[in-house]
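Asks: What follows is each chain in one-letter form.
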Amino acid sequence: MSWVNAVVQGILLGGLYALVAAGLSLVFGVMRIVNLAHGVLAVLAAFGAYVLGDTLGLHPFLALLVVVPVMAAVGYGLQRGLLNRALGGGELAPLLVTFGLAVVLQNALLEAFSADSRRLDLGSLGTASIPVTDGLAVGVFPLLAAVTGVVVIAAIGQFLARTATGRAMRATSDDRDAAALMGIDGRHLYGVATAIALATVAIAGVFLGARSTFDPAAGGTTLIFAFEAVVIGGLGSLWGTLLGGVVLGVAQAVGAAVDPAYGVLAGHVVFLVVLATRPRGLLPSAVTA
Amino acid sequence: MSALLEVDAVDVSYGDAQALFGLSVTVAEGETLAVIGANGAGKSTLLKTVAGVVRPRRGDVRLDGASLSGVPAHRRVGRGIAMSPEGRRLFPSLTVEENLLVGAHSRRPGPWALDAVYALFPLVAERRARSAANLSGGEQQAVAIGRALMANPRLLLLDEVSLGLAPVVVAQLYAALPQITAQGTTVLVVEQDVHQALAVADRVQCLLEGRTVLEGPADRVDTAALSAAYFGVDA
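Residue numbers (our numbering), protein chains in the order written: chain P, 1 to 289; chain L, 1001 to 1235.
Worth flagging that the hints you see were computed from the coordinates, not collected in a lab.
Warning: the hint list may mix true and false statements.
[What the hints assert, rightly or not] Some chain P residues near chain L, calculated using beta-carbon distances under 8 Å: (1) R32; (2) A168; (3) A171; (4) M182.
Remember, predicted model here, so these are calculated numbers, not experimental data.
Think of the CB as a built atom: it goes at the ideal place given N, C-alpha and C, for glycine as much as any other residue.
Looking at chain P on its own, in the form it has when it is part of the complex:
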């Protein structure tokens, strides 16, 4: 039963990883930018919810109503003010700019909040669980996190597939210059993509901050797990990212069931195996630019 338990918990954990990775996957898919500040932006959102809880007594999920639009606005500004300029400077420039941004943000958070670990308090929701069978129970919060991950990925997928803006985003991803000839302003569209990505990062950050403790340096681990989920699933494929998150989560949970020290390691090993045997990921996107 403990193996079944490990797999079930791993799947739920994978949903959370997919939630964290969704924005990374979207930004890469649309602009071919690997946003190295993705993890620390999630931590920024968690601190935002923490401050709202500390000063106004807002429940973390209520704080989302503020944190999500603020992060979306930050994303639009970040893209228009910084990343669009970096895109003109070759393939390496956006990578270096987001790396620099991650360093600056992490140190700014350290300056503002010190290195103390915090946690977002969910109240009774944090410990509630649903018994499934004897010896197998599913926590309400991990379930909620996984469902949110699936919903966010499905919503982004529907947005890209069905709306005019989503269609324009896919066209721009294919051929930005040709898209401009159709009247599409690539700079604005990229801003919208990053705004959506950071809105999902805000949700992810609050879930991460409620799941375990976080501090200003937590962005690195967050980024690595998200990046692994994206690469395992296949770069630029949203449903691949969900699958990648689940594979990573199950690997970590099963590894931890063998020995608690092996959890994270097992995840990295699976990542390396996938990278070595299927470098384009499990569900590579049909068209590569």
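Add chain L to chain P, keeping to what the hints say.
Replies: What follows is chain L alone, placed relative to chain P:
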């Protein structure tokens, strides 16, 4: 007839290589102008300059008398300039119908919509659900022209429609042109295929190394002089 498009003495360079030398082109409202010339004559550069993809170093481009300098490519579509670019440049991850819908992104009102484009190119209608990556060259070109029409342009720019296509396919594509001009659309077509260009155009302008070497009405142009101008040899 008043001038819809005025390209006024433009110099265009790519780095150190100058492609257009004080080139002037005027297209009247409702007219079809064919710009012909050999490879490297500056034909595609001219269209890119009108579309706003490249900026002239000197000179001006005016639409209906209003200067387009400082108007980026994506906003020129809203002003009524749409282009079917060289090499078609369809969006391969989108379906044919999605490609057409992207063409309507600027939401200019006018006669062209999905139904009208499908009526113009029945073959495109049959392929509407197919990925644009899986089309023959002729089908791709038809979609590219349809996609430009979806913007309901006042000025339609067609770049090298014949490129890489069998003559029978090229003839089929150009057969659609009268139905486009019948809507009052002004057309600036760039073409290496001189016979095709002369057949569809009201007026023809021949470029050589970034300068105009010959221009005149398409039905009265002297073919010997034209071929001399095309290849840059004295007649």
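Asks: Does each hint hold? Answer for all of them.
Replies: Each hint tested on the structure:
1. R32: Status violated, d = 14 Å.
2. A168: Result: holds, 6 Å to nearest chain L Cβ.
3. A171: holds, 4 Å
4. M182: Holds - the Cβ of P:M182 comes within 8 Å of chain L, reaching about 5 Å at its closest.
The structure fails to meet hint 1 from the earlier list, while all remaining hints are met.
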